Amino acid sequence: NAGVTQTPKFRILKIGQSMTLQCTQDMNHNYMYWYRQDPGMGLKLIYYSVGAGITDKGEVPNGYNVSRSTTEDFPLRLELAAPSQTSVYFCASSTHSGTNTGELFFGEGSRLTVL
Amino acid sequence: DAKTTQPTSMDCAEGRAANLPCNHSTISGNEYVYWYRQIHSQGPQYIIHGLKNNETNEMASLIITEDRKSSTLILPHATLRDTAVYYCIVRVVGSGGSQGNLIFGKGTKLSVKP
Numbered sequence: 269n270a271g272v273t274q275t276p277k278f279r280i281l282k283i284g285q286s287m288t289l290q291c292t293q294d295m296n297h298n299y300m301y302w303y304r305q306d307p308g309m310g311l312k313l314i315y316y317s318v319g320a321g322i323t324d325k326g327e328v329p330n331g332y333n334v335s336r337s338t339t340e341d342f343p344l345r346l347e348l349a350a351p352s353q354t355s356v357y358f359c360a361s362s363t364h365s366g367t368n369t370g371e372l373f374f375g376e377g378s379r380l381t382v383l
Numbered sequence: 002d003a004k005t006t007q008p009t010s011m012d013c014a015e016g017r018a019a020n021l022p023c024n025h026s027t028i029s030g031n032e033y034v035y036w037y038r039q040i041h042s043q044g045p046q047y048i049i050h051g052l053k054n055n056e057t058n059e060m061a062s063l064i065i066t067e068d069r070k071s072s073t074l075i076l077p078h079a080t081l082r083d084t085a086v087y088y089c090i091v092r093v094v095g096s097g098g099s100q101g102n103l104i105f106g107k108g109t110k111l112s113v114k115p
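Protein chains in written order, with the numbering used here: chain S, 269 to 383; chain F, 2 to 115.
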């Protein structure tokens, strides 16, 4: 049972390059999230999705785009990488239904450096 | 902005109980208290949550004051592997959209020492 899988685990980008962080979950969760975490700080929500075809902005969406074409996948795209996007990115998923706990399951993180 | 206040850091001796406090004085009636922890830059891990009753599971106990303005996470017998950053979060459960999103603060860095 894989849970939430993120790729790549590490990546170095040059300023202005673009890339996609992949996230997939095998728990049939309807909710998925992307967070970023800067050194010594808590996690900040970038984008989230409540189901296939539906996405919405979180706290820090600028410079990122997402799509949700399937329940399982929620890729995060950086179009023009900037040094300020150097961070650790976490994908998470959860299910919200009735009295369900809404517990979030996190991936192991993707460490991105922009030089 | 985070709606909780936690101490920046705490120490605990191995084998002793670790009591981590959290203030959430503006909590709403439909908001639950959640605790997560993050071990050395791994993804955060769910620990426990509660509404107004005290809760216990295999990892920890959660004590919520009667007025719900504060709570304490208790790790009954802390081990070195419990060294982590612990996040106290309040959120609405069962509703869709942004109300259910987790807002992480800086948390409490717990150091368990031999």
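I should point out that these hints are in silico values taken from the structure, not numbers from a laboratory.
Some hints here could point you the wrong way.
[Unchecked claim] Derived pair list, reagent style DSBU-like, types lysine-lysine, alpha-carbon separation capped at 30 Å:
#, chain 1, residue 1, chain 2, residue 2
1, F, K4, S, K312
2, S, K312, S, K277
3, F, K107, S, K277
4, F, K70, S, K312
5, S, K325, F, K4
6, F, K110, S, K277
7, S, K325, F, K114
8, F, K107, S, K325
9, F, K53, S, K312
10, F, K70, S, K277
[Claimed, not checked] A few chain S residues facing chain F, derived, Cβ under 8 Å:
#, residue
11, L311
12, Y316
13, A320
14, Y332
15, V356
16, F358
17, G377
18, L380
19, V382
20, L383
All of these numbers come straight from a predicted model, not from anything done at the bench.
Beta carbons: idealized from backbone N, C-alpha and C, even for Gly.
A quick look at each hint next to the structure:
1. K4(F) <-> K312(S): With a Cα-Cα distance of about 14 Å, the restraint between K4(F) and K312(S) holds, given a limit of 30 Å.
2. K312(S) <-> K277(S): holds (19 Å)
3. K107(F) <-> K277(S): Holds: K107(F) and K277(S) sit about 23 Å apart, inside 30 Å.
4. K70(F) <-> K312(S): Within the cut-off at roughly 24 Å; holds.
5. K325(S) <-> K4(F): It holds: about 20 Å lies between the C-alpha atoms, which stays within 30 Å.
6. K110(F) <-> K277(S): holds (24 Å)
7. K325(S) <-> K114(F): violated (41 Å)
8. K107(F) <-> K325(S): The given pair, whose Cα atoms are some 22 Å apart, holds under the 30 Å limit.
9. K53(F) <-> K312(S): Roughly 27 Å separates the two Cα atoms, so the pair holds.
10. K70(F) <-> K277(S): This hinted pair is violated, its Cα atoms lying about 39 Å apart.
11. L311: Check passed: Cβ of L311(S) comes within 4 Å of chain F, closer than 8 Å.
12. Y316: Y316(S) check passes; min Cβ-Cβ to chain F is 6 Å, inside 8 Å.
13. A320: Since chain F brings no Cβ nearer than about 14 Å to A320(S), farther than 8 Å, the hint is violated.
14. Y332: Since chain F brings no Cβ nearer than about 16 Å to Y332(S), farther than 8 Å, the hint is violated.
15. V356: holds (7 Å)
16. F358: holds (5 Å)
17. G377: Cβ of G377(S) sits 6 Å from chain F, so the hint holds.
18. L380: Hint on L380(S): violated, closest Cβ of chain F at ~13 Å, above 8 Å.
19. V382: violated (18 Å)
20. L383: violated (20 Å)
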